[in-house]
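Top to bottom, those sequences are chains A and B.
Take the first sequence: its position 101, counting from 1, is numbered 100 in numbering that gives the first Met the number 0, and each next residue is one higher.
Take the second sequence: its position 70, counting from 1, is numbered 69 in numbering that gives the first Met the number 0, and each next residue is one higher.
Rather than coming from a laboratory, the hints here were simulated on the basis of the structure.
Honestly, I wouldn't trust all of these hints.
If several chains are the same, the list does not tell them apart, and a pair holds so long as it fits within one copy or across any two.
Claimed, not checked - Straight-line distance between alpha carbons at most 25 Å, and here's what the computed SDA-like set of lysine to any residue pairs gives:
(1) 18 to 104
(2) 111 to 47
(3) 90 to 104
(4) 111 to 52
(5) 41 to 101
2 protein chains.
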Amino acid sequence: MKPKTEPSLVPRLRVMRGKNIAFGPGKAELLALLAETGSIGKAARRMGMSYMRAWSLIRTMNQSFKEPLVFAAHGGRGGGGGAKLTETGRKVLDLYRQMEQTSLRAITPSWKQLQQLLPD
Amino acid sequence: MKPKTEPSLVPRLRVMRGKNIAFGPGKAELLALLAETGSIGKAARRMGMSYMRAWSLIRTMNQSFKEPLVFAAHGGRGGGGGAKLTETGRKVLDLYRQMEQTSLRAITPSWKQLQQLLPD
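Okay, chain A solo, but in the shape it has when bound:
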């Protein structure tokens, strides 16, 4: 990552259920890392969070949707906990990334106007 001094616009989409966040930026990143690494331990480390915190986010996601998003198993070789996205997990992650991109594209014209009010 190069150092950023340019202003940037970051859309953070939250799927709320009452006061609970069923899905959002952190859970999306976790899903993506689980898909990449296949390991709860590795994904948690990459996000700088504890294994138990990652496990708790997975539990929340799995309970928030009709079908689980992640097949997960505690322990295993190396004790890191294996994990794999379900079909629903992949769909949710794809839709979420699509929404982020769509959102960003749609707001670009207003964002350019707002940037003119920010210093160079």
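Given the coordinates of chain A, work out where chain B should sit on it, guided by the hints.
Positioned in the frame of chain A, the structure of chain B alone reads:
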């Protein structure tokens, strides 16, 4: 506010400058309340934050843009601190609200697909 059990999608747009949030949902709400009440003390109370916290958010906003967003004065009658949006402040708030609405409209089709994966 009625109790919400239906899932809802909340786009939270953040204008980042490096690691700092130059503008986002909290600052937008504060601007709107300053415009409505004309008082830092009243706006802070409505947001459940301290006067000093509101003052600090105003300072950050004013320093992040080319021109200040808020004319503000400590103290005054009742000690609440008077405040008024500048022309730039009104523009920034309008553009931000516009971006929120544009974002939400643009992602509605994907959001409908995602909703089908959530329980009723």
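Which numbered hints fail = Per hint list: 2, 4 and 5 violated.
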